[in-house]
Amino acid sequence: MTLEQTISVIRPLDEKSMTAARNRFANIAMPLGGLGLLQDAIVQLAGILGQPVPDISRRAAVVFCADNGVVAEGVTQCGQEVTATVAENMGRGESTVCLMAKQLGMDVFPVDIGVAQPIKSEKVLQFSVRRGTANLAHEPAMTRKEALEAVEIGIKMAEMCAEKGYSVLIGGEMGIGNTTTSAAVTAALTGAETAAVTGRGAGLSTAGLERKIAVIEAALALHKPDPNDSIDVLHKVGGLDIAGLCGLYLGAAAQRIPVVLDGVISCAAALLAVRLCPQSVHFMVAAHRSDEPASVLLLDALGKRPFLTAGMHLGEGTGAAAGVALLDLALASYREMVSFADIGIEAYQPQK
9 MTLEQTISVI RPLDEKSMTA ARNRFANIAM PLGGLGLLQD AIVQLAGILG QPVPDISRRA
69 AVVFCADNGV VAEGVTQCGQ EVTATVAENM GRGESTVCLM AKQLGMDVFP VDIGVAQPIK
129 SEKVLQFSVR RGTANLAHEP AMTRKEALEA VEIGIKMAEM CAEKGYSVLI GGEMGIGNTT
189 TSAAVTAALT GAETAAVTGR GAGLSTAGLE RKIAVIEAAL ALHKPDPNDS IDVLHKVGGL
249 DIAGLCGLYL GAAAQRIPVV LDGVISCAAA LLAVRLCPQS VHFMVAAHRS DEPASVLLLD
309 ALGKRPFLTA GMHLGEGTGA AAGVALLDLA LASYREMVSF ADIGIEAYQP QK
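Just so we're aligned: the sequence shown equals residues 9 to 360 in this note's numbering.
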């Protein structure tokens, strides 16, 4: 489906299934609200899937790999060649998210959506829009047409996952320089000061961080991205991986598949998606708060409370994978716990 078609079919959650889930929680033998945010997430999953007892046993990670021309400005500790190396490592199933996914029975689909060097792996899906973006310090990162194409590749990946029968998705990314693009996107969308949303990424020095902030500020002043137009923001200061994630989240909402959000780059893409279609936010579950400074701001903008704060900032979808593991634990209790009636105990009652 096109972006417009995808947005047009996104519908509200199933209130009957959510009510049934809340009633079940009120009757199983645990304190009211005992599972906290995990309990809220299970009710949300019920509404997305239309299942009072949601089944997320079929799960997949879609990891978008892309390079960013802005690395030429010295905003990263390493060069673009690392993106291709890690993407090929994913193709072999040896990256961090792949090893975590193996423990979760999760399939991983690495996607070359714009790596600068051609990927030498049959296991990496080939959907390259262009071989890395332009240097946003001097020109728009990509054309508007390329940004839209990348979003629609993400939609296509969600449709592929729906056809394969997956019941929950996580989105990941790999691309040297993408904490620069995500900071630029966040500043453009929220109007926040650049310094407040820009972090050290994979370990920049203080001098490197100052240079990174200056580059983003100059790019925003040069291109003046429209915060009310997600595609404009993407094409001027975004990245192909962020665009792919944005499309994945919209496509998943259209297919009624829950998505578990990862860290700051994932949440920047999620906010782009929500600006395109506010209804899509209800299909997103926040897994963790990244250690990057923009993370809290983005989660607040999305109205999300994550259930993990572990100082993670690895990327690839690893924080989202950890979130799925927690959901598995919570769902085991929800499915199998006896009721108060079963054990002859009076149920807890809400107190004023």
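No lab work stands behind these hints: they were computed from the structure.
Treat the hints with caution; some may be incorrect.
Said to hold, decoys possible - With beta-carbon atoms standing in for the labels, derived distance ranges:
id, residue 1, residue 2, range
1, I353, G216, 57 to 63 Å
2, G87, A37, 53 to 59 Å
3, Q111, G87, 44 to 50 Å
4, E12, L112, 33 to 39 Å
5, G87, G44, 29 to 35 Å
6, A80, N35, 55 to 61 Å
7, K232, E12, 23 to 29 Å
8, D115, A210, 37 to 43 Å
Said to hold, decoys possible - Result set (SDA-like, lysine to any residue): computed pairs, CA atoms no more than 20 Å apart in a straight line:
id, residue 1, residue 2
9, K312, R264
10, K312, F348
11, K128, R66
12, K128, K153
13, K312, Q287
14, K360, A34
15, K172, G58
16, K164, S136
17, K164, A142
18, K232, A142
19, K131, L228
20, K128, N97
21, K164, D48
22, K110, D48
23, K164, N97
24, K153, Q52
25, K232, A210
26, K24, Q52
27, K312, A340
28, K232, G216
29, K110, K360
30, K172, F135
31, K131, F117
32, K360, G44
33, K312, M26
34, K153, K232
35, K172, L57
36, K131, A142
37, K164, A338
38, K153, K164
39, K153, D237
40, K131, C86
Since this is a predicted model, take the numbers as computed values, not measurements.
Even for Gly, the Cβ is constructed at its ideal location relative to N, Cα and C.
Evaluated hints:
Our hint of 57 to 63 Å for I353 and G216 holds, since their Cβ atoms are close to 59 Å apart. Between G87 and A37 the beta carbons are some 56 Å apart, a value that agrees with the proposed interval 53 to 59 Å. Hint check: Q111 to G87, Cβ distance near 31 Å, so the stated range 44 to 50 Å is violated. At about 34 Å, the CB distance of E12 to L112 agrees with the hint of 33 to 39 Å.
Take G87 and G44: their Cβ atoms lie about 43 Å apart, and the range 29 to 35 Å is violated. Range check, A80 to N35: Cβ separation about 60 Å, and the 55 to 61 Å hint holds. The beta-carbon spacing between K232 and E12, approximately 25 Å, falls within the hinted interval of 23 to 29 Å. In this structure, D115 and A210 break the distance hint of 37 to 43 Å, their C-beta atoms being roughly 26 Å apart.
Between the alpha carbons of K312 and R264 the distance comes to roughly 19 Å, so the proposed pair stays at or under 20 Å and holds. For the hint pairing K312 with F348, the CA-to-CA distance comes to about 31 Å; that exceeds 20 Å, so the pair is violated. The straight-line distance between the Cα atoms of K128 and R66 is roughly 28 Å, outside the 20 Å bound, and the hint therefore fails. Of the supplied pair hints, the one linking K128 and K153 is violated, its CA atoms being roughly 27 Å apart against a limit of 20 Å.
Only pairs whose Cα atoms come within 20 Å are accepted, and K312 paired with Q287 is accepted, the gap being roughly 14 Å. Between the alpha carbons of K360 and A34 the distance comes to roughly 16 Å, so the proposed pair stays at or under 20 Å and holds. About 18 Å separates the Cα atoms of K172 and G58, which keeps this hinted pair within 20 Å; it holds. Using a Cα cut-off of 20 Å, the hinted pair K164 and S136 holds, with the two alpha carbons roughly 13 Å apart.
Of the pairs offered as hints, the one joining K164 and A142 is violated, with about 24 Å between alpha carbons and a cut-off of 20 Å exceeded. Proximity of K232 to A142 is assessed by CA-CA distance (about 16 Å); at most 20 Å being required, the pair is judged to hold. Distance check on the hinted pair: K131 and L228 sit about 37 Å apart at the alpha-carbon level, beyond 20 Å; violated. For the proposed pair K128 and N97, the alpha carbon gap of about 10 Å is at most 20 Å, so the pair holds.
The suggested pairing of K164 with D48 is violated, with an alpha-carbon distance near 29 Å, which exceeds 20 Å. A threshold of 20 Å between alpha carbons decides the hint, and for K110 with D48 the separation of about 26 Å lies outside it, so the pair is violated. Only pairs whose Cα atoms come within 20 Å are accepted, and K164 paired with N97 is rejected, the gap being roughly 23 Å. Between K153 and Q52 the alpha-carbon distance is near 34 Å, which puts this suggested pair outside the 20 Å criterion.
The suggested pairing of K232 with A210 is violated, with an alpha-carbon distance near 27 Å, which exceeds 20 Å. Between the alpha carbons of K24 and Q52 the distance comes to roughly 12 Å, so the proposed pair stays at or under 20 Å and holds. For the suggested pair K312 and A340, the alpha carbons sit about 23 Å apart, so the restraint of at most 20 Å is broken. Taken as a hint, the K232 and G216 pair is broken in the structure, with Cα atoms around 24 Å apart against an allowance of 20 Å.
Only pairs whose Cα atoms come within 20 Å are accepted, and K110 paired with K360 is rejected, the gap being roughly 46 Å. For the hint pairing K172 with F135, the CA-to-CA distance comes to about 19 Å; that is within 20 Å, so the pair holds. This hinted pair checks out: K131 and F117 have alpha carbons roughly 8 Å apart, not beyond 20 Å. Distance hint between K360 and G44 is fulfilled; the C-alpha atoms sit about 19 Å from each other, no more than 20 Å.
Distance hint between K312 and M26 is fulfilled; the C-alpha atoms sit about 18 Å from each other, no more than 20 Å. Using a Cα cut-off of 20 Å, the hinted pair K153 and K232 holds, with the two alpha carbons roughly 18 Å apart. A hinted pair counts as satisfied when its Cα atoms are at most 20 Å apart, and K172 with L57 qualifies at roughly 16 Å. Straight-line distance between C-alpha atoms of K131 and A142 comes to about 27 Å, which puts the hinted pair past the 20 Å bound.
Between the alpha carbons of K164 and A338 the distance comes to roughly 31 Å, so the proposed pair goes past 20 Å and is violated. Straight-line distance between C-alpha atoms of K153 and K164 comes to about 16 Å, which keeps the hinted pair within the 20 Å bound. This hinted pair checks out: K153 and D237 have alpha carbons roughly 14 Å apart, not beyond 20 Å. A hinted pair counts as satisfied when its Cα atoms are at most 20 Å apart, and K131 with C86 does not qualify at roughly 25 Å.
Consistency note: the structure conflicts with the earlier hints numbered 3, 5, 8, 10, 11, 12, 17, 19, 21, 22, 23, 24, 25, 27, 28, 29, 36, 37, 40.
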